[in-house]
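Asks: The lines below spell out each chain.
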Amino acid sequence: MTQSNGNNILTALSDSMAAAVEKGGAATVLVAGRRRMPASGIAYAADLILTADHVIERDDDIPVMLPDGTELVARLAGRDPGSDLAVLRLGGAAVAVAEPAPQEARIGQLVLALGRPSPDGIQASLGVISAVGGPVRTGRGGLLERYLRTDAVPYPGFSGGPLVDTAGRIIGLNTSGLARGASLAIPASLAWQVAETLALHGSVRRGYLGVRSQQVAIPPAQQKALGRDQETGLLLVGVEDGSPAEAGGLIVGDILTAIADHPVKDPDELLGRLSGEVVDRPTPVEVLRGGQPRTLTVTIGERK
Amino acid sequence: MLIDIVDLSNTLTEAFTAVFQRAQRSLVVVHNGRDGAGAGVIWQPGGIVVTNHHVVARGKPRISLVGDREYPTRLIAKDPQIDLAILQADTAGEYDSDLPAAPIADSRDLRVGQVALAIGHPWGQIGAVAARIISSLGEVAVRGRRSSVSVIRTDVGLAPGNSGGPLMNVSGGVIGINTMIIGGDLGVAIPSHVVNAFVAETLGQEVPQVAM
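Protein chains in written order, with the working numbering: chain A, 1 to 304; chain B, 1 to 212.
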């Protein structure tokens, strides 16, 4: 291999990363929604900015600066502290819309973290996807189905900005607000899903059942009665007075095994099943009572 | 397809190695007779070395090539505001070819995201290399006759001992001098066009700038 050939490859690598920063940066805006330094946001639609919830401290008159230096004012369209996401609606002007990556992130993949916390221009750091994890409880009443961890340097003000692939397509949204001290990214597919709900409804509704439970093993005979291999379920050790669970007939001692025909094997799966569309809906809840499966109908409430 | 990928990463590895090997030849260790050592770049033939001002602010500086002989030096110019100093190595004319000047690249058309390579002596590890990217390009406010100075920020992890060493592009062209004094604790470099202006001002001549 000659020196010049090798160097062509290095130059191509360097140029393609600069191009990725340029492309991802065209959809990365400055969001000044808090008292201390500004953070970043992603143009999710021509007039919608997706950012991190924890960097937005007010509802109106949020200054946003576009990549070309245009200064606009946005208002909060919706927020979900549970997943640390917020959507802002811009008053006017269109922005270049971000392109999500077509594939899910892979461990080891080269990524660039981008942010625009300063009017001076785009900022970037290079790393790889270190881990793909989840589900994880966020400590803010939410459950994140999946998260990405990267070793790219999280500069101050990068929260709300994108993690992009080497083609400049969005892999995730950077946030330091979900786990203390750790810089994580919310996968783009998940963030886009939440953003759609926020743009439409202003918040993500989370279901409320009103039970305390612990994970227990299901004996083989009872698995046979269930008609499937499910080694664990949730033993109900408390049912709150006046709760949806009580109204639906759940009692202490039941082993909860499925909600809406989806097996529930651990508390995280229960939390996952209670998010989104089930609120206010009569929902089939399967339990083992005295070793026999029964299906009750519970109208899931909303957790405030 | 798999073969291609293996070839590609081998080619990348060899290309990086070649750039760093060449860069070692114009890298010096700057001793100040006191604590630790800094780095420096042979900027021009005739033993003109650029380093950080804070590396040579006190003490009597000497330079040595990596793993090679030492040369006494004279401090011929300093600019504490941008943390730069120029040293003249006493080569007595005969060692010029032993002190090859580094290729200097134009730092006025850099782009965020481009690969940036650093070489220096972090924590005394002589000639250690690092590779990441240009994180941002901007100005920082400084005191004195300039109100601000251009800086290149990188996500290369720099440590004491990287001070005064080169930040390079993928062709090995020097795009800046790493410093840890200005702009906080992240990697900051003074762009080579600022260094060139300082060298030209000192030596009273235009420094040729090659685009790399």
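No wet-lab data here; the hints were simulated from the structure. Built from N, CA and C at the ideal position, the CB exists for glycine as well. Hints may be right or wrong, so weigh each one.
To be verified - Derived CB-CB ranges, DEER-like:
{"id": "1", "chain 1": "B", "residue 1": "N10", "chain 2": "A", "residue 2": "L200", "range": "44 to 52 Å"}
{"id": "2", "chain 1": "B", "residue 1": "L8", "chain 2": "A", "residue 2": "A131", "range": "18 to 26 Å"}
{"id": "3", "chain 1": "A", "residue 1": "G121", "chain 2": "B", "residue 2": "G144", "range": "46 to 54 Å"}
{"id": "4", "chain 1": "A", "residue 1": "A260", "chain 2": "B", "residue 2": "T17", "range": "34 to 42 Å"}
Said to hold, decoys possible - Reference listing, derived: stretches of chain A covered by chain B, where coverage requires no fewer than 3 residues with Cβ under 8 Å from a Cβ of chain B:
{"id": "5", "stretch": "8-22"}
{"id": "6", "stretch": "200-213"}
Asks: Among the hints numbered above, which are violated by the structure, and what are their numbers in rising order?
Replies: Per hint list: 3, 4, 6 violated.
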